[in-house]
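With the hints as constraints, model all of the structure from the sequences given.
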Amino acid sequence: GESVGLHLPTLSVQEGDNSIINCAYSNSASDYFIWYKQESGKGPQFIIDIRSNMDKRQGQRVTVLLNKTVKHLSLQIAATQPGDSAVYFCAGAGAGSYQLTFGKGTKLSVIP
Amino acid sequence: NAGVTQTPKFQVLKTGQSMTLQCAQDMNHNSMYWYRQDPGMGLRLIYYSASEGTTDKGEVPNGYNVSRLNKREFSLRLESAAPSQTSVYFCASSEAERQREKLFFGSGTQLSVL
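Note that the protein sequences, when read in sequence, are chains U and P.
Numbering follows our numbering, in which position 96 of the first sequence is assigned residue number 125; successive positions increment by one, without gaps.
Numbering follows our numbering, in which position 113 of the second sequence is assigned residue number 122; successive positions increment by one, without gaps.
You can trust all of the hints, since none of them are fake.
With a straight-line Cα cutoff of 35 Å, these simulated DSBU-like cross-link-like pairs (lysine-lysine) come out:
#1 U:Lys97 x P:Lys111
#2 U:Lys136 x U:Lys85
#3 P:Lys66 x U:Lys71
#4 U:Lys100 x U:Lys136
#5 P:Lys111 x U:Lys136
If the Cβ cut is set under 8 Å, some of the chain U residues that face chain P in the computed set are:
#6 Lys71
#7 Gly72
#8 Pro73
#9 Phe75
#10 Asp78
#11 Phe118
#12 Gln128
#13 Phe131
#14 Gly132
#15 Lys133
#16 Gly134
Keep in mind that the hints were calculated from the coordinates and are not lab data.
Nothing here was measured: the structure is a model prediction, and the numbers come from that model.
Even for Gly, the Cβ is constructed at its ideal location relative to N, Cα and C.
The structure is reproduced here in C-alpha cells:
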C-alpha cells in the first residue's frame, strides 16, 4: 500500500518569505498527489494536485514539485502571508487505486 | 453556497450509546465520504459512497455503518460508541466517482466518547 509522510511536523516562516513543505511517499507506482490546507476548526481545503506525468505544477502563489526518482514532493508558497497559517497535508494514490493515503500534516506558522 | 454541511458540530457520548452524524452536500456531487482525524494523524477513510445507492468500506470501517439516503445526504452511524471512536469526523464529496480528485470537506464533528 501507499505510505505518505511529511518531513517536518511544524514550520515557522517570516511573513513575505517563501515556504517549502516537503512530503515523501513509499509507493513508486503512485501516480496522483494532492495538497490540502486545514485552518483551525475547519475542514481541509484543496490547494493543488499533480499527476505523475508532470514534474511541476503552478497555481496562485503555490507550486508543487514532484521528484519521482527520490519519491518526494514539495509544496512551495510564495510570499507567505498570515492567512497561510494552517496545517498542510499531502496525500497520494497508487496507480489504479481510487483510495488516497494522507500524510500526518505540517503546521505552518507565519511570523508577522 | 453551503457546500458540505455536517451536523452536529460537537457531541459527547457515553460508552455504548449510539448516534448518527448527518452530512449533506448541495453541489450535485456523485461521491461522498466519511473520514476521521485523530491528533497527529492523517485523515483516514471510514466509508465512502461512489454513487447514490452504493457504499463501500474504507480503511477503518469497524464500529460504523453508513447510509446514502439520496444523492445529497450521507450519514454515519455509531451503533455502540467506544472511547476509541473519540475523534474529529469529516464528511466530504467529489464530483468524480473516486477519491483521487478534488474533495470538498465539511467543517467537521468533534466527537468525544467517555
